[in-house]
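Asker: The lines below spell out each chain.
6 protein chains.
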Amino acid sequence: MKEVNVEDVIDSLCSPESYSTVFHDTKHEMPMPSIDVLVEIVESLRKILFPGYYAHSDVRPKHMRYYMGANIDKIHRLLTEQIKRGFCFECGEDENITILQCNQKAKNLAAVFISKLPHIRHMLSTDARAAYNGDPAAKSLGETIFCYPSIKALTNYRIAHELYNLGAALIARIISELAHSETGIDIHPGAKIAESCFLDHGTGVVIGETCIIGKGLKLYQGVTLGAKSFSLDESGNPIKGIPRHPIIEDNVTIYAGATILGRITIGKNSVIGGNVWLTQDVPPHSLILSSGIIKRSFENGDGI
Amino acid sequence: MKEVNVEDVIDSLCSPESYSTVFHDTKHEMPMPSIDVLVEIVESLRKILFPGYYAHSDVRPKHMRYYMGANIDKIHRLLTEQIKRGFCFECGEDENITILQCNQKAKNLAAVFISKLPHIRHMLSTDARAAYNGDPAAKSLGETIFCYPSIKALTNYRIAHELYNLGAALIARIISELAHSETGIDIHPGAKIAESCFLDHGTGVVIGETCIIGKGLKLYQGVTLGAKSFSLDESGNPIKGIPRHPIIEDNVTIYAGATILGRITIGKNSVIGGNVWLTQDVPPHSLILSSGIIKRSFENGDGI
Amino acid sequence: MKEVNVEDVIDSLCSPESYSTVFHDTKHEMPMPSIDVLVEIVESLRKILFPGYYAHSDVRPKHMRYYMGANIDKIHRLLTEQIKRGFCFECGEDENITILQCNQKAKNLAAVFISKLPHIRHMLSTDARAAYNGDPAAKSLGETIFCYPSIKALTNYRIAHELYNLGAALIARIISELAHSETGIDIHPGAKIAESCFLDHGTGVVIGETCIIGKGLKLYQGVTLGAKSFSLDESGNPIKGIPRHPIIEDNVTIYAGATILGRITIGKNSVIGGNVWLTQDVPPHSLILSSGIIKRSFENGDGI
Amino acid sequence: MKEVNVEDVIDSLCSPESYSTVFHDTKHEMPMPSIDVLVEIVESLRKILFPGYYAHSDVRPKHMRYYMGANIDKIHRLLTEQIKRGFCFECGEDENITILQCNQKAKNLAAVFISKLPHIRHMLSTDARAAYNGDPAAKSLGETIFCYPSIKALTNYRIAHELYNLGAALIARIISELAHSETGIDIHPGAKIAESCFLDHGTGVVIGETCIIGKGLKLYQGVTLGAKSFSLDESGNPIKGIPRHPIIEDNVTIYAGATILGRITIGKNSVIGGNVWLTQDVPPHSLILSSGIIKRSFENGDGI
Amino acid sequence: MKEVNVEDVIDSLCSPESYSTVFHDTKHEMPMPSIDVLVEIVESLRKILFPGYYAHSDVRPKHMRYYMGANIDKIHRLLTEQIKRGFCFECGEDENITILQCNQKAKNLAAVFISKLPHIRHMLSTDARAAYNGDPAAKSLGETIFCYPSIKALTNYRIAHELYNLGAALIARIISELAHSETGIDIHPGAKIAESCFLDHGTGVVIGETCIIGKGLKLYQGVTLGAKSFSLDESGNPIKGIPRHPIIEDNVTIYAGATILGRITIGKNSVIGGNVWLTQDVPPHSLILSSGIIKRSFENGDGI
Amino acid sequence: MKEVNVEDVIDSLCSPESYSTVFHDTKHEMPMPSIDVLVEIVESLRKILFPGYYAHSDVRPKHMRYYMGANIDKIHRLLTEQIKRGFCFECGEDENITILQCNQKAKNLAAVFISKLPHIRHMLSTDARAAYNGDPAAKSLGETIFCYPSIKALTNYRIAHELYNLGAALIARIISELAHSETGIDIHPGAKIAESCFLDHGTGVVIGETCIIGKGLKLYQGVTLGAKSFSLDESGNPIKGIPRHPIIEDNVTIYAGATILGRITIGKNSVIGGNVWLTQDVPPHSLILSSGIIKRSFENGDGI
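Chains as they are written, first to last, in this note's numbering: chain D, 1 to 304; chain C, 305 to 608; chain A, 609 to 912; chain W, 913 to 1216; chain L, 1217 to 1520; chain U, 1521 to 1824.
Worth double-checking, as some hints may not be accurate.
To be verified - Calculated lysine to aspartate or glutamate pairs in the EDC-like style (CA-CA distance at most 20 angstroms, straight line):
no., chain 1, residue 1, chain 2, residue 2
1, A, Lys-670, D, Asp-8
2, L, Lys-1290, C, Asp-340
3, U, Lys-1594, L, Asp-1224
4, C, Lys-351, C, Glu-333
5, L, Lys-1323, W, Glu-919
6, D, Lys-74, D, Glu-43
7, D, Lys-47, C, Glu-333
8, A, Lys-670, L, Glu-1256
9, L, Lys-1321, A, Glu-637
10, C, Lys-420, A, Glu-637
11, A, Lys-670, L, Glu-1411
Don't read these hints as lab results, they were simulated from the structure.
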């Protein structure tokens, strides 16, 4: 075996031609966003959103204000820092913003995010109820909050979605990836999902960036709401930001393994069967099975 | 940008109308089950079930008793506490049990669980052998114990199944969700799975609450053993606890992406091909492909 | 409820007939490979491969040598120990190697592995660019390094593949399982994957041991590149090591849920549609949809 | 070297004659007080007592209530448990108290302790000022709070003293031992120390259980305020609880290494020189040096 | 301010003339003893020596064997490694021992150490009783085990002394320094201390390497049992290993701050007063005060 | 027992009159210096100063540069932040410095500190040799580096002294307090100590802010080099910064418990006996015992 010269290896790894593509050079020597801190932020947000579930003990209404207040103050501080780092990570060489301005901007955005928390909690309340109503195996509403991947994934999604809307796209993506890694459910923070959503089992679910989803979605493992294709610009690169994922109207059920692609619309109260491959619009009250379309005065929840 | 008044946000989050659905108010100020402690319990159980695999060093037969004894004593203590917390979590307002009675009940159940450990280990031994025999890529039986998701998922399942049978449903669900998150394999603790089970790759597998599965199941990634639909009661809520998932007889193989729904029976020695969608009974010795049924004197293991 | 006799349980668990299958008895009292240390090794390798991404702060070119050198020295030490433990884990009773020889062998292999790092980084650079080019949702190349499961899975794969080639099969498998657990992408370290690979979303992807994959693969969630069946030897055990997985030529795209089985060849520039089930060779420039083959002078990237 | 039989060693260590003296057998299977939790309690108390010093960031007056409230709720919970464990540790076999009664008693005592916090903070404010005024090396009052052993030791003492007064003697002793170990200053929680106390350097200081100390004590390293001797009962055991340590009146200074023993009184405004050995009363305004007494209209602070 | 050239600093620190004195170059690339592991060993030994005090819960006699056995097996393994590292640390260039021989030697010594544990526990039982009898402030014998620095220091000393006798001098020293740092009591592991020893308060106590101390020593803070001077060899270096510290016979009491130097003998039942400076033999039954000797039919325990 | 109203307690603790003295209100919302980070800095400095002692393994000369470089880069970054926080902690309301200027100043000072490291290491080399030569119980020079409190205390002192000289007084004090807490040796960072210093046992040693100490000091436990008294200004506050501690010339030995006070000079080669109380100059070559001065042609090292 030829002797390895470790010095040569190090030389090679330190040459600009080796590292140029994969080296991240931030402005202002700002560190990158910290995944560990974002995990801590999400955990603190869970304590706020589901009081009593993640605290150590009896959070009675009379003490609740203290914990809410202290957690929110902490989140404001931590989130401001992470939003700022996210901005620096993507900050172009030619952008003209001082680090103090950037800090102030991040602090303001974090405050706006905090003002969305009551809304986020309301949405998650409807999701928890949807999970309890949607699964005969669920013994209590509390059980769904405590251990259903649907609630975990939607909690991160609803947090990330608000951050995405505020322009903090990178940390929004990281927060949704945390849930993807934990649950196998991949929801892009750009998607719009209305209330009472239930993603049963969830592994392998993909919900793309430009999806628009109505109330009462019920969706099983392995379902893709994806893009059919995407346009390239003159240089052959994909054009970013074009609507390319499905619109799902209210009270739709989609069974395991279905694939729905492109900017199509699934009408309200429809049911899409398992393993269905769908790239065209579907009128309301449809039942779609692998073998074709059966339209009738169909009501979601009847089962197939 | 409008100034955010954090005090108002806190007021809103602390109003009963905001938190009522998502607030868990236990009796006796008992904390909720601890996921961290349940992780510790599962790790200790692995040390007992697979001696030598998770201990730091040479657990020789002559010292084995000490480690078994100390670990079992520890598990008894930790599990008693978690079972009790699980009971309190789901305890109705009108149930008439003191916390001391609840503690004693939990302690007894934990002891009964411990008495099942030799049986659990026996079942896992057969699972490990099935994994080694079932995968040409496995270099040794030890490798399957060490790093196959099949063994991880079945270890948690077989633990959770015994707890589920003893009535500790919530912590059983948490333990199975731990494996779901780690492996992408979602086995409800209520399912009944006989010996020598092998779940290759496993991501996206779902095995529902009322499944009954015979010996020698071999099953690949993305397979669903689910419910076709479920009945609603008069108020429109799903009726809990009705048998609604498949029965799989001995020595069945199910290839990737197959979907088997409803209380149907797959006869022994059958092979279900990849991506098959199946909602009807299958006689023994069948080979089912996407394109139809080919019955013959088929022997499992021949491959397709 | 019958009283449980814990002593009897312990007796039962300590009897050789109970533990013989699941007990690992190493030679030389060598501990088993440590998953925690392998995690640490992978994290240190990420710092080397993507300078600036995982370090705490400004790794400027002038300091880069120090961090590279210190990390490589640390990896050499930790990896040597883990390779050695892996050998001991699988070492047969009749093998004739002293622990000092084994240590020297492990140290040499770890050095050879280190000499592959510039190559691994080069491959990952092309993978990052492929992810950025392949996903309209990606805002920057840095974002793909920071939070795309494709990069996480390929990083572990490319590390594990080099270790597999050097004969350190067990720790290679553990490292690829770490990524499988984190991302839902299961790539066997024995597979051969050329540059510029992008695995979008990724959950449920399986790439088997003997796959050979060309440049520019683009592959979505739930795709299986598997074996159709496997041969048994005279005793009915699977024969290990036979080529049994697909060959994918350059610039192929495979959409979600497709299943490609057996030692077949997918010709260059082909596109395989979602949910396609494929067990036969495909000529170059093919477009395969669920409903049949449409051959034309097809160029990958056009979309379907 | 004779072969060691480890089984025999274990037998020996498990025989009642070996462990009877050193084995602690609690009632109700209650664990012993936890030093780690007591450390956590003291750290939380420091955050309350010195707002801004131990919090992570800007605790502005407008947020202070949240942190105070959340910390006090947490301390109430943790301290209740530790007080209860302390009672169980010392609970005699014949005491007639249920574990629920004991818990309620502990909870009440913890609440009373909390009501003493404003008083404790007031006393520590005077101690901090005394340290700043008493040491020419102190650059700011904040520096003394941040890193003077005097403040650390007095913080633990003033906490422990209140617990001692409430009857929680064991955990009071543990808390004072924590400061002894950290600073070398050993103050028994039974001692009574008035405001504005400064213990410079402090290593080796001993202040006994029945000391009574006035305002403005200034005391250097190695000073003992101890018992001259103690009385034995009829069985030859020391009689517990008899006043046997000095009374120090207001504004006394005691230089390094002085030893003051027995229930004597040091009159106000006196100065005791270094290494003095003192077992008799001293009138006010005295200056005591090794070589004898010099009485004069002496004012503390003149120095010697 | 002159620009600092960090490269030059690194060059300077890496030059042999800079690091030669302070660089430790072990044989066989063996790491140095680990203070963290030695801390862990001492904690495990405490669990064995004081059953019930450091375990999490009810260690009843019927389970005690498991915990003893598991802890002893763990200690044997960890201590073997540390003893071996200690040998390597001090191993001369010319010593002729292979690493395997060294390992076997360390393993044997660790076993012999373990066989001393019943003796060590017996000694500590007498020390705990001496502390309880010797301090009117002690409320229970359990309190002395739980929080008296005397017991902490003597536990480490009695462990370290057995290791010192077995030739593991370096790790013995480290273990005694751990107690020195925690308690301010500095006992050299070479000292010989008989049963029923009590070191009240303890800060500043020094007990030198060649001390020989009888039963029933009672000793207060700041006492030195030291060497008067030491002899130099021809090169002017101190001659190591000559008896140079005091012999203290049975039942001696030594009050705070006393200094006893040189190879002198303090006769049994003597009392040495505080701050006494002593460099000459003292007959039995003496009472020594700063001002001279008062011999009488003196009985230890009468107090002064 | 009167009911405690926790709300009232919180109100009381949040009133400005309660917290004003003990509340630290930094400028720019800058957090206070972090003791945990300063501990990490000191540990990293030890790795640089004593290569091989605190690293995990074989730091051979050929790799030494990497570790030195990486550690120094890390220290530069961490120390800059802590120096800045220290400045903010003490920054007056009227000081006119922006946070960016403050950061730049801190970064420059940290660089200057780094340039002192070769000097600090040289000094510590002489201290280690002095410890080995000065203690017959020391078996090797390495043992003194590994576990002598003298080396620990002097390492922190020599680090803190350079920071003190650079104006970073607060973090210098914290670093010296860390050693005080660990070793019982309290050296003010303002003191000037020349090479080859040995502080045997060390508990209770105090070395004041304005001491000036020559080469070859040998000093035992409980020695004070303190101030006799200090001057008050017109308001009765101590005047800061006046020389008030002893000057010790080269090669002086001071035995246990000696107290040396005031701006006096101890002439070179003198020996001060145990428990001596000294407030006047001493000529060179003196031997001072408790009972008086014996001057002769005395050579340090002869012993007393």
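Asker: Are the hints correct? Go through all of them and say.
Answerer: Hint check:
Distance hint between Lys-670 of chain A and Asp-8 of chain D is fulfilled; the C-alpha atoms sit about 17 angstroms from each other, no more than 20 angstroms. Of the pairs offered as hints, the one joining Lys-1290 of chain L and Asp-340 of chain C is violated, with about 25 angstroms between alpha carbons and a cut-off of 20 angstroms exceeded. With a C-alpha separation of about 17 angstroms, the suggested pair Lys-1594 of chain U and Asp-1224 of chain L falls inside the 20 angstroms cut-off, and the hint holds. Only pairs whose Cα atoms come within 20 angstroms are accepted, and Lys-351 of chain C paired with Glu-333 of chain C is rejected, the gap being roughly 33 angstroms.
Distance check on the hinted pair: Lys-1323 of chain L and Glu-919 of chain W sit about 16 angstroms apart at the alpha-carbon level, within 20 angstroms; holds. At most 20 angstroms may separate the alpha-carbon atoms for a hinted pair to count; Lys-74 of chain D and Glu-43 of chain D meet this at roughly 12 angstroms. The straight-line distance between the Cα atoms of Lys-47 of chain D and Glu-333 of chain C is roughly 17 angstroms, inside the 20 angstroms bound, and the hint therefore holds. Of the supplied pair hints, the one linking Lys-670 of chain A and Glu-1256 of chain L is violated, its CA atoms being roughly 41 angstroms apart against a limit of 20 angstroms.
Simply put, Lys-1321 of chain L and Glu-637 of chain A have alpha-carbon atoms about 16 angstroms apart, close enough for the 20 angstroms limit, and the pair holds. Taking the CA atoms of Lys-420 of chain C and Glu-637 of chain A, the gap is about 30 angstroms. The hint is violated against a cut of 20 angstroms. For the proposed pair Lys-670 of chain A and Glu-1411 of chain L, the alpha carbon gap of about 63 angstroms is over 20 angstroms, so the pair is violated.
In terms of the numbered hints stated before, the structure departs from hints 2, 4, 8, 10, 11, listed from lowest to highest.
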